[in-house]
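S.K.: Read off the chains here:
There are 2 protein chains.
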Amino acid sequence: MQKPSLPKGTRDFGPLQMARRTFILDTIRDTFQLFGYQQIETPAMENLNTLTGKYGDEGDQLLFKILNSGDLLKDVTTADLDKGPGAVLNKVSEKGLRYDLTVPFARYVVMNRNELTFPFKRYQIQPVWRADRPQKGRYREFYQCDADVVGTDSLVCEAEIVLMIRRVFENLGLREYSIKINNRKILTGIAEAIGEVGKEGPLCVAIDKLDKIGWEKVKEELLQRGFGQKSIESLAPLVSLESDMKRKLNFLKLFLKNSEVGLKGVEELEGAFGILSQMGENLDHIDFDIMLARGLSYYTGAIFEVKVHHVSIGSVSGGGRYDNLTGVFGLPGVSGVGFSFGVDRLYDVLDELKAFPKESHTSTRILLTYFDQKGFEYALGLLSQFRNAGIKTEIYPNQTKIQKQFEFANKKEIPFVGICGEEELKAGIISVKNMVTGDQQRLDISKAIVLLS
Amino acid sequence: MQKPSLPKGTRDFGPLQMARRTFILDTIRDTFQLFGYQQIETPAMENLNTLTGKYGDEGDQLLFKILNSGDLLKDVTTADLDKGPGAVLNKVSEKGLRYDLTVPFARYVVMNRNELTFPFKRYQIQPVWRADRPQKGRYREFYQCDADVVGTDSLVCEAEIVLMIRRVFENLGLREYSIKINNRKILTGIAEAIGEVGKEGPLCVAIDKLDKIGWEKVKEELLQRGFGQKSIESLAPLVSLESDMKRKLNFLKLFLKNSEVGLKGVEELEGAFGILSQMGENLDHIDFDIMLARGLSYYTGAIFEVKVHHVSIGSVSGGGRYDNLTGVFGLPGVSGVGFSFGVDRLYDVLDELKAFPKESHTSTRILLTYFDQKGFEYALGLLSQFRNAGIKTEIYPNQTKIQKQFEFANKKEIPFVGICGEEELKAGIISVKNMVTGDQQRLDISKAIVLLS
Numbered sequence: 001m002q003k004p005s006l007p008k009g010t011r012d013f014g015p016l017q018m019a020r021r022t023f024i025l026d027t028i029r030d031t032f033q034l035f036g037y038q039q040i041e042t043p044a045m046e047n048l049n050t051l052t053g054k055y056g057d058e059g060d061q062l063l064f065k066i067l068n069s070g071d072l073l074k075d076v077t078t079a080d081l082d083k084g085p086g087a088v089l090n091k092v093s094e095k096g097l098r099y100d101l102t103v104p105f106a107r108y109v110v111m112n113r114n115e116l117t118f119p120f121k122r123y124q125i126q127p128v129w130r131a132d133r134p135q136k137g138r139y140r141e142f143y144q145c146d147a148d149v150v151g152t153d154s155l156v157c158e159a160e161i162v163l164m165i166r167r168v169f170e171n172l173g174l175r176e177y178s179i180k181i182n183n184r185k186i187l188t189g190i191a192e193a194i195g196e197v198g199k200e201g202p203l204c205v206a207i208d209k210l211d212k213i214g215w216e217k218v219k220e221e222l223l224q225r226g227f228g229q230k231s232i233e234s235l236a237p238l239v240s241l242e243s244d245m246k247r248k249l250n251f252l253k254l255f256l257k258n259s260e261v262g263l264k265g266v267e268e269l270e271g272a273f274g275i276l277s278q279m280g281e282n283l284d285h286i287d288f289d290i291m292l293a294r295g296l297s298y299y300t301g302a303i304f305e306v307k308v309h310h311v312s313i314g315s316v317s318g319g320g321r322y323d324n325l326t327g328v329f330g331l332p333g334v335s336g337v338g339f340s341f342g343v344d345r346l347y348d349v350l351d352e353l354k355a356f357p358k359e360s361h362t363s364t365r366i367l368l369t370y371f372d373q374k375g376f377e378y379a380l381g382l383l384s385q386f387r388n389a390g391i392k393t394e395i396y397p398n399q400t401k402i403q404k405q406f407e408f409a410n411k412k413e414i415p416f417v418g419i420c421g422e423e424e425l426k427a428g429i430i431s432v433k434n435m436v437t438g439d440q441q442r443l444d445i446s447k448a449i450v451l452l453s
Numbered sequence: 454m455q456k457p458s459l460p461k462g463t464r465d466f467g468p469l470q471m472a473r474r475t476f477i478l479d480t481i482r483d484t485f486q487l488f489g490y491q492q493i494e495t496p497a498m499e500n501l502n503t504l505t506g507k508y509g510d511e512g513d514q515l516l517f518k519i520l521n522s523g524d525l526l527k528d529v530t531t532a533d534l535d536k537g538p539g540a541v542l543n544k545v546s547e548k549g550l551r552y553d554l555t556v557p558f559a560r561y562v563v564m565n566r567n568e569l570t571f572p573f574k575r576y577q578i579q580p581v582w583r584a585d586r587p588q589k590g591r592y593r594e595f596y597q598c599d600a601d602v603v604g605t606d607s608l609v610c611e612a613e614i615v616l617m618i619r620r621v622f623e624n625l626g627l628r629e630y631s632i633k634i635n636n637r638k639i640l641t642g643i644a645e646a647i648g649e650v651g652k653e654g655p656l657c658v659a660i661d662k663l664d665k666i667g668w669e670k671v672k673e674e675l676l677q678r679g680f681g682q683k684s685i686e687s688l689a690p691l692v693s694l695e696s697d698m699k700r701k702l703n704f705l706k707l708f709l710k711n712s713e714v715g716l717k718g719v720e721e722l723e724g725a726f727g728i729l730s731q732m733g734e735n736l737d738h739i740d741f742d743i744m745l746a747r748g749l750s751y752y753t754g755a756i757f758e759v760k761v762h763h764v765s766i767g768s769v770s771g772g773g774r775y776d777n778l779t780g781v782f783g784l785p786g787v788s789g790v791g792f793s794f795g796v797d798r799l800y801d802v803l804d805e806l807k808a809f810p811k812e813s814h815t816s817t818r819i820l821l822t823y824f825d826q827k828g829f830e831y832a833l834g835l836l837s838q839f840r841n842a843g844i845k846t847e848i849y850p851n852q853t854k855i856q857k858q859f860e861f862a863n864k865k866e867i868p869f870v871g872i873c874g875e876e877e878l879k880a881g882i883i884s885v886k887n888m889v890t891g892d893q894q895r896l897d898i899s900k901a902i903v904l905l906s
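These protein sequences, in sequence, are chains A and G. Each residue of the first sequence is one higher than the last, beginning at 1 in my numbering. Each residue of the second sequence is one higher than the last, beginning at 454 in my numbering.
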C-alpha cells in the first residue's frame, strides 16, 4: 500500500486556508469589477511555441513541459538521440504549462482582436507553474492575479490603478503601506541627463538593487558596467533626494531640462496625479520614488510597486505601462497598462500581521444539536427553515452524545450552536449558544433567524 | 512572426462566457456553503504513483504526463531504450495532471486524517485534464465541481444532496428536470432475487445501457454475459415497471423478500425520503429509477443522476454513496457520499434553453460619457461618487466623439450611459439613458445612485 505524497513545491489548501484565500481573492475581484474589468480564463496548457522565447533562457528552463500522448518514442530517431536532449524534447513534447498570465493574455488578444471591444479591460486569476527550486515562500504552483487595460494611453488608467490598490488594501484592513510610483521615461531621461544616453537598461538593473545592496555597491556595479565616474557622481543628488512630491517634481524638471523624454515622464506622472485630483481623490499612500526601476525592460511609462510596512515580505503588487504587448505574436502597437497582486504574499502579510477577519462569511453559522431521536427530528424541521432564510446551517448527522456535537462545532469554529432538547421542542423554540462568549438564549425561531442573519 | 493557436481540446473563456460560468459556479458554491460544505483545493500536478492504477488501463492512457525538469535523457539508459516507451517513460516523467477530483481528495484525506474533523464535508471546484480525443462537447481541460461528505453513513447526507440539487436548479432558473435515484444494494438484491448471485457487476453494466439501446439489446447482452434465460425473463417486470413511488417500493419489497441486502437498499431509500419529510420537504423532481445503475462499481449505497428535460444534453449531475474512498492509499473504512455538477453541461443546457439571465451582476452598470475636456473633468468627479456607492462604473478613457462612446457601451452591453454635458455640469446633475428602453432622465447624483443600485 503506497503512502501518498505531494509533488515538491506544491500545496493543498484546506478549508481554513481556502476561506482566507477566498477573502483576499473576493476583495480583489470585487474591486476589479467595480472599475469595469472583465474576467477571462485561458487554458493551463499552451503550445510550447507560444511560451518559449518569451521569458529568457532561464525562463525557458523553468517551463513545465507535457508529454505528447501515445507512444512516447514514436517520432524519436537514432539521429535525435545522438543530437541530445534538445532534439528528443522537440519530438516528445509540444505543450507546456503556462508560466504567467501575460503571455496567454497577449495570445488571447491577438487571436480575438476582431471580436474584442477596445479599450479592453481584463482581469485574470489563475494558477501558473514554474519548475523553480522550491524554497520558503516560493512554490512551483501559485496563483497570479492580473488586471490590464489595452488599447488606450489615457492616464485615467494609471489613476485608476492607484485607486484600485488603495481600495483593495482598505478592504483587506491594511493601512500602512506605500504605492511606489515612477515612470520609465524619467529613468531614460536620467540616463540622458548624466551623459549616458541609451544606457537606461544597465542603469535600471543596477538601481533596482539600491534597496538591497546600497548606494556604494550600486556605484561599483555602474562603474563595472562602463558608466563614467562623473556620470555616477551626478546621480548622487537623485539617490539621496528625500522631500515632498512637489519638490521632487520641481527638482526633476530642472535635472531633466535637456531631456525631452525625461520631461515627458514627469508630465505623465503629473497628469495621473491631476486626474486623481479631478476625481476628488488625494495622494495618500503614494510615494514617488525616482529610483524605482523594476527589472522589466518591457515597461515604457508608469511603474508601480507596493510595499506593506512592518512586515518581512517584499512587494505585494506591481505593474506598469507598456507599448507593445503583442508584437511577438505579430500584432504591433497594442499599448496598455497592467498590474497584479501577489496572492500568496498578501496571504503571508495578513498572516504575519494577524489581520485576517475572525469570521469567514463562507462558513457555517450554526450547528443544530440534539439529545435523542425526537430532538433530531425537531432539528431536521428547523434546518430547512434556517437555510431558507439564507443562514449557513448544519446538523450533526449521526445521533451521538451532545458533548461530541459541541466538540465538532468547536473544532470547525462554528460560532453558534442550536440546542434542540425536550423543552425547546415543547415550547417550539430553540436555545442558541454563542460559542465565543458562552451566552445562551431561548429564542423563537424567527428571533433566532434575526440573531444569526 | 508566429500565428498563435490553442492546443487542441482546450478553450479560452472570454468575458461573456466567464460571466455565465461565474453565474453557474456562484450558484453552486452558495448552495454548498449553505449546507456547511467547505472548499479545498489540490495542486494541478500529482505524483504519477498517486494517479496511475486508479482509472483503469484506459484512464492511465489518458493521463497528461509532465516531463521531469533538467536534462531530459540523464537517467535514460540504452537498456531502457531497448525495453521501449514504458521503461523510458518511468525515467523521464514522475508527475501528471489530475484526471478528476476524487483521487486527489482521497489523497488529501489520507494525508490530513489526523487534522481533519469528521464528518468532513468538502467541495472542490477545479479543472481536470484528460488526453481524450477532442470532439463536440468533450474537452481536454474542463472543470469539475464535486461535493463529498466522508466519515458518516447518516442518510441525512442523501437527503441533503437532493435538497442541494433542487436549490441549485431553482436558482439557475431550471424547472423541468428529474433527479433519478436508486440504491446499489437494490441492484445487488435484484441479482440475488433472479438467481444470479454476485453478478450485479455485469448486470449493472448491461442495465446501464437500457436508455441507449433498449430492453431487447440489453437482454442479448445479458445472455452473452452468461445470464440464464429464466433469470433474464424474471427481470422483465422491473424493466417495464412504471408507477408511483409507493407502489414501486411495495413491489420491490415483495420482489426482494428473500434478499437481505436488497431489502436494506429499499430501507435506505425510504430512510432518506423519511428525513426529507421530517425536514418539511416534498419529493418533487425525485424519480426512483430501479434500473439506474451508473457504471461505477465504486458505489455501495444511494446512486444519483440528474437529467434536464427538453434538451439534448445527457446527465448534468450525479453521484452516490461509497464505503471505501481511501483504501487504495492504505486507509480503509472511509465511507461517504458525494456528487458533482457538470459545469460545461449545465452551461450548454442554459444556453440551449436560452435561460441565462440577461444582465450579469459582475459587469459594468453605467458608462460615463462627455463631449469635451470640461465634461470629462466633471465625469471624473462623478466616477468616484458612483463607485463609492458600490456601482460598477466606467468612464470612456480617451476624449472622442460621444457616438463612439455610446457604441462602446453598446458593444460591452452596459445597460446605462451617463451623459455629462454642459447643461448637466451647470445644474450639477447627470442625464442617465437606459440603453435597452432608450428612456433618458435628468437626475440628481443621489437619485441616479438610487436608480442604478
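No lab work stands behind these hints, which were simulated from the structure alone. Mixed in with the good hints there might be a few duds.
[Unchecked claim] Calculated pairs, SDA-like style, for lysine to any residue (alpha carbon to alpha carbon, straight line, at most 25 angstroms):
{"hint": "1", "chain 1": "A", "residue 1": "K74", "chain 2": "G", "residue 2": "N851"}
{"hint": "2", "chain 1": "G", "residue 1": "K456", "chain 2": "A", "residue 2": "K374"}
{"hint": "3", "chain 1": "G", "residue 1": "K456", "chain 2": "A", "residue 2": "N90"}
{"hint": "4", "chain 1": "G", "residue 1": "K827", "chain 2": "A", "residue 2": "D153"}
{"hint": "5", "chain 1": "A", "residue 1": "K411", "chain 2": "G", "residue 2": "E568"}
{"hint": "6", "chain 1": "G", "residue 1": "K865", "chain 2": "A", "residue 2": "L81"}
{"hint": "7", "chain 1": "A", "residue 1": "K3", "chain 2": "G", "residue 2": "K717"}
{"hint": "8", "chain 1": "A", "residue 1": "K264", "chain 2": "A", "residue 2": "D323"}
{"hint": "9", "chain 1": "A", "residue 1": "K412", "chain 2": "G", "residue 2": "M564"}
{"hint": "10", "chain 1": "G", "residue 1": "K461", "chain 2": "A", "residue 2": "N49"}
{"hint": "11", "chain 1": "A", "residue 1": "K358", "chain 2": "G", "residue 2": "E547"}
{"hint": "12", "chain 1": "A", "residue 1": "K433", "chain 2": "G", "residue 2": "T570"}
{"hint": "13", "chain 1": "A", "residue 1": "K74", "chain 2": "G", "residue 2": "Y596"}
{"hint": "14", "chain 1": "G", "residue 1": "K536", "chain 2": "A", "residue 2": "L81"}
{"hint": "15", "chain 1": "A", "residue 1": "K404", "chain 2": "G", "residue 2": "L784"}
{"hint": "16", "chain 1": "A", "residue 1": "K374", "chain 2": "G", "residue 2": "D533"}
{"hint": "17", "chain 1": "A", "residue 1": "K91", "chain 2": "G", "residue 2": "G523"}
{"hint": "18", "chain 1": "A", "residue 1": "K8", "chain 2": "G", "residue 2": "P587"}
{"hint": "19", "chain 1": "A", "residue 1": "K91", "chain 2": "G", "residue 2": "P587"}
{"hint": "20", "chain 1": "A", "residue 1": "K3", "chain 2": "G", "residue 2": "L784"}
These numbers were taken from a predicted model, which means no experiment stands behind them.
S.K.: Run every hint past the structure and note whether it holds.
M.R.: For each hint, the structure was consulted:
{"no.": "1", "hint": "A:K74 / G:N851", "result": "violated, 55 angstroms"}
{"no.": "2", "hint": "G:K456 / A:K374", "result": "violated, 69 angstroms"}
{"no.": "3", "hint": "G:K456 / A:N90", "result": "holds, 19 angstroms"}
{"no.": "4", "hint": "G:K827 / A:D153", "result": "holds, 19 angstroms"}
{"no.": "5", "hint": "A:K411 / G:E568", "result": "holds, 10 angstroms"}
{"no.": "6", "hint": "G:K865 / A:L81", "result": "violated, 53 angstroms"}
{"no.": "7", "hint": "A:K3 / G:K717", "result": "violated, 35 angstroms"}
{"no.": "8", "hint": "A:K264 / A:D323", "result": "holds, 15 angstroms"}
{"no.": "9", "hint": "A:K412 / G:M564", "result": "holds, 19 angstroms"}
{"no.": "10", "hint": "G:K461 / A:N49", "result": "holds, 14 angstroms"}
{"no.": "11", "hint": "A:K358 / G:E547", "result": "violated, 40 angstroms"}
{"no.": "12", "hint": "A:K433 / G:T570", "result": "holds, 21 angstroms"}
{"no.": "13", "hint": "A:K74 / G:Y596", "result": "violated, 31 angstroms"}
{"no.": "14", "hint": "G:K536 / A:L81", "result": "holds, 15 angstroms"}
{"no.": "15", "hint": "A:K404 / G:L784", "result": "holds, 23 angstroms"}
{"no.": "16", "hint": "A:K374 / G:D533", "result": "violated, 67 angstroms"}
{"no.": "17", "hint": "A:K91 / G:G523", "result": "holds, 17 angstroms"}
{"no.": "18", "hint": "A:K8 / G:P587", "result": "violated, 31 angstroms"}
{"no.": "19", "hint": "A:K91 / G:P587", "result": "holds, 21 angstroms"}
{"no.": "20", "hint": "A:K3 / G:L784", "result": "holds, 10 angstroms"}
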